[in-house]
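Protein chains: 4
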Amino acid sequence: MIIKMSVNVTEQEISSVAERVRECGCQPHISRGVEYTVIGVVGKVEAFARLEALKAAPGVEDVVRISHPFKLVSRQGRDTRTTVAVGDVIIGGGDIVVIAGPCSVESREQLLNTARAVRAAGATMLRGGAYKPRTSPYDFQGLGVEALMFLKEASEETGLPVVTEVMGTEDVEIVSEYADMLQVGARNMQNYPLLRRLAKANRPVLLKRGASATVKEWLLAAEYLLAGGNSQVVLCERGIRTFETDMRNTLDLAAVAFAKELSHLPVVVDPSHATGRRSLIPMVSRAAVAVGADGLIIEVHPEPERALSDGPQSLDFDGFADLILRIKEPMPGLATVGVTA
Amino acid sequence: MIIKMSVNVTEQEISSVAERVRECGCQPHISRGVEYTVIGVVGKVEAFARLEALKAAPGVEDVVRISHPFKLVSRQGRDTRTTVAVGDVIIGGGDIVVIAGPCSVESREQLLNTARAVRAAGATMLRGGAYKPRTSPYDFQGLGVEALMFLKEASEETGLPVVTEVMGTEDVEIVSEYADMLQVGARNMQNYPLLRRLAKANRPVLLKRGASATVKEWLLAAEYLLAGGNSQVVLCERGIRTFETDMRNTLDLAAVAFAKELSHLPVVVDPSHATGRRSLIPMVSRAAVAVGADGLIIEVHPEPERALSDGPQSLDFDGFADLILRIKEPMPGLATVGVTA
Amino acid sequence: MIIKMSVNVTEQEISSVAERVRECGCQPHISRGVEYTVIGVVGKVEAFARLEALKAAPGVEDVVRISHPFKLVSRQGRDTRTTVAVGDVIIGGGDIVVIAGPCSVESREQLLNTARAVRAAGATMLRGGAYKPRTSPYDFQGLGVEALMFLKEASEETGLPVVTEVMGTEDVEIVSEYADMLQVGARNMQNYPLLRRLAKANRPVLLKRGASATVKEWLLAAEYLLAGGNSQVVLCERGIRTFETDMRNTLDLAAVAFAKELSHLPVVVDPSHATGRRSLIPMVSRAAVAVGADGLIIEVHPEPERALSDGPQSLDFDGFADLILRIKEPMPGLATVGVTA
Amino acid sequence: MIIKMSVNVTEQEISSVAERVRECGCQPHISRGVEYTVIGVVGKVEAFARLEALKAAPGVEDVVRISHPFKLVSRQGRDTRTTVAVGDVIIGGGDIVVIAGPCSVESREQLLNTARAVRAAGATMLRGGAYKPRTSPYDFQGLGVEALMFLKEASEETGLPVVTEVMGTEDVEIVSEYADMLQVGARNMQNYPLLRRLAKANRPVLLKRGASATVKEWLLAAEYLLAGGNSQVVLCERGIRTFETDMRNTLDLAAVAFAKELSHLPVVVDPSHATGRRSLIPMVSRAAVAVGADGLIIEVHPEPERALSDGPQSLDFDGFADLILRIKEPMPGLATVGVTA
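Protein chains in written order, with our numbering: chain C, 60 to 400; chain Z, 60 to 400; chain F, 60 to 400; chain V, 60 to 400.
If you're looking for bench data, these hints aren't it; they were derived computationally from the structure.
Don't take every hint at face value.
All copies of an identical chain are treated as equivalent in the list; a pair is satisfied when it fits inside any one copy or across any two copies.
[What the hints assert, rightly or not] Below, simulated DSSO-like cross-link-like pairs (lysine-lysine); rule was C-alpha separation at most 30 Å, straight line: (1) K275 / K103; (2) K211 / K259; (3) K130 / K275; (4) K63 / K130.
Owing to the predicted nature of the structure, the values given are computational and were not obtained by experimental measurement.
With these hints in hand, go ahead and build the complete structure from the sequences.
Take a look at the structure:
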């Protein structure tokens, strides 16, 4: 942590800041420059949050944190990457895990048909919403427990483990009974009571990145889970909110590579929510695999044009089968220069 | 709602879309243009969410919703604006309500001293965090019930009603016992289980705008409260997240005027979180009042440089007293042209 | 400037970085912490740009600049604020300067009528586009020199000095003949050949903030003008681009206060482009004045619904007269607490 | 184009809008709904810009454009994609074109060494800045004509065609003498005098996306080039500006797929500016190829830690060779489900 003193700082102000640094258990290193005096602070991460308040102290111009505030999710000092087992499926083990299914579970038939179709095309896990966070209170809010039962049945029939969203602490227990993995939606990435509850759940967690969360904030949300006792965490990039409106969100694939550089946790990508446009999903899925994602989560519906939610971004069965083929296609070659050097 | 068909649409596709529109209880109006065919849809807002899925239907290029999806928070068809009573204080009644206090309640003494100071300077309500949503699990998380008891004591002594944040459904009951108004933080604006629970609470709600929420999404979050039975809602603009990083958020004061144009609910402004810089808060508060805000919520701390949270954006007692004076200053005059026409 | 070394840095890497710092004429201060070693760099701003490349040196984790990179626009070390004279009008002198006129000059009659109307209502300067930057090549591109002649005539008749946009270096000379102040549009804020040319022009410059420029980048664009010899610069905040789409841009009024804290230059506000919605302009103008802006620039058109550009955000003559009245209205009072302490 | 009338619209207002629509050469189709009346407008794109002003007409609530405003860059009605020849190199022909070289040309030796190294590793074109747009006037601004001569020499020796940025209209002629392709930088994407001048240049153009430009605005900037007579245009995605600050920009790879869906022009990707972090560039380059990009443009420097610009995002020679190998690596396989259905 660096404390930059203002141009007209007094010796009294410098000592007072240095004393406060020591009071919080850290060491100050004072560098006096021609233009500015700077105090480097060395110590425990825990103290830094309190020392940020020094930005308000007399004589201080700015306080800059330069160390990462997360510890357990960090790759620093770890040799191996985490793998997360969901039923028989391993996420982060090298092969790409494809999670597919409808945005919302709408009926037993819709779900079973979808589960069979995605299984046949090559999916490894089943998704489907039972409790739906909807921007408008007048939109379809999900079938709840009934949907959970259909998911369980579909899972048993197809052998695909199930992931589904849990929206509040009160639903963690019931959802854990039926589902193999619990999803935290983008709107709940910083719902701390929910994260603290999931840290005690006996299920792996799929943690979506918030629509306006930086990569480091996303990792800090994961830190809540690990610090609370649950290390079975998979991160999910699903696009961030930007000024571009022709796509639903802006998919941040560099963030996948960056999150894997900073953390040992696996990362999957949700191209359905990220783009909101069916036609783009196959090529974007390919790119997600190429950038190093450990898996994909894709919305599939028997009749997208009749879906109760997210129809425009849902693939039908043929579209999903095409996506799987597209992912397996070889990459194009490099052009060569005509002249020999 | 407008459905734009693609250039090569067939008659069959047009009829099929029109039929689906009727199936959902709406009327299709087909306009055939030189370049495009467009289907206007007329009907109930509830059906529109389902019809958006038609974006996935063959022959459809785009689906555009043109009506507002909120009903109860809308000003349309209402003659009067809502006023919200918090204890003896009326928000939305014409006079500016100033809510002030520490980011976090840190001790009995800190809170009582602050409450007395802000009361003396002109504050009308007291704020203070008991449960704190913190980006890092290693930061101070609030004193919980103990803080609630200090808030109650401070309120009784000073006569200032109290607003404090409630982070999860499990805390609504206990917080309602001690506080006069319940705050939904920016991270929880789309925490629907919490909104549904607060709709049944017997307390007015202060609903902060999410850091990446549009004005209409913010109003739809309020719609959850009104639709669930609680019409005592005050909106709070606290800055949105943008590329500008020298300020903590970008305060969107035009959104205050826009929210008041669309809705009958009162709107207050939080310049402390919006800017994150103490020096800017007085002028920005003045602007908030000028744009039509019904109140301000300001962070004040006896010693900002020792605050356990948000020190850099907290005013000390003198700073808060200056802010009150600054708000009361008359506006500058207009320049005039030297030449007479 | 602070150089943060990585956890496993070697002594060799530290010396090598320190040597490079000295090579560029700066002094390194090495602080060895428990977790990290940090090198503080003291020296001239000019060297810092080159030292940023050390981010790529072995053993370096990050390089953080903590000093402002602008010098001439900075308030540091200056006692007085700049005032800019445009004809008889003084911008930055304490009174609010209202600049008004059509987005585009469309005809002699349209301009003269508008100039007379805004003059009568209280405007102090005239605006009007002769060369128009348009997103589509098929949109109206401005009347060019003919428009400049109309502007000159309108200025002579009404006594209002004129500001108009200059889009390229090749137009600076001709526009300078007809206009009193040259505007750099938001799209051109970082058009450096244009800034360098305007630094040599004999006219004051109105520098709009780019739609995705930080406050500091905006000040650095102004630094090009001052460094090149033109210190008659007025900054103009006109909204930034964010995810909110119901308004054309997000007006950043805190940036006005922040720019005035960092710089001695005057700042005016353009609520027309910032909001894109006529109904919001009066209240937002009031807020701009309250936050400390030195002036306003407002689009006015005799028949906004027939304007060739920016009709939706143009006020008609009555609307503009109302805006002037609204700005002069006193601010609302503060609520008081019913209970006496 | 759709005109949505307000709830209390009068018949008089409807006729008046319809008349204005006809006056501009378009046909109005009026649909009267239960809640709203909507007027569909059919006609020429050119008229729509003028009709947008109707947003300001009495009785109008909103005006929504639903057709694409670009014509020549659109894929609609075209069977083939454009290929662009730069010397012997074909962009858009199926093979990936790798353009590499330093951010700035700093010396003859630096450039020649880099050109040889990237040629040996597999690059097909050479990049290098002669005129540099720099945020600060105190940063290195490029060697100008001298740099152009070095580029020409390096091109002749290695057989790699050259692309370099042109910052203003006054440089188009001289740069065209030395370079094979002219680059429009992100800051100049909407510099219309420059685009109009380049439309008349006898060289292909590399058009970077502006940091806050939507995909459609980017295509409209290209439309200026095509409409002016130059159809040899390659688009370049280089990241957009968002709230995420740990990477220099947010690379929008879905935009590559989307631009190729909307337009017949080739698209290349610049992962150096997009991420600003060397370590991420190889994986992100791979993703760019996978999503369908026609090429890559990569910054390479002999000693990134001494670069005069963009050192932190420049690869050294080994790093660039590794990137080429990484692009050619096969993609990982899909996981399979343990249970047989």
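| field | Numbered hints the structure breaks, given as an ascending list | value | Those not satisfied: there are none.
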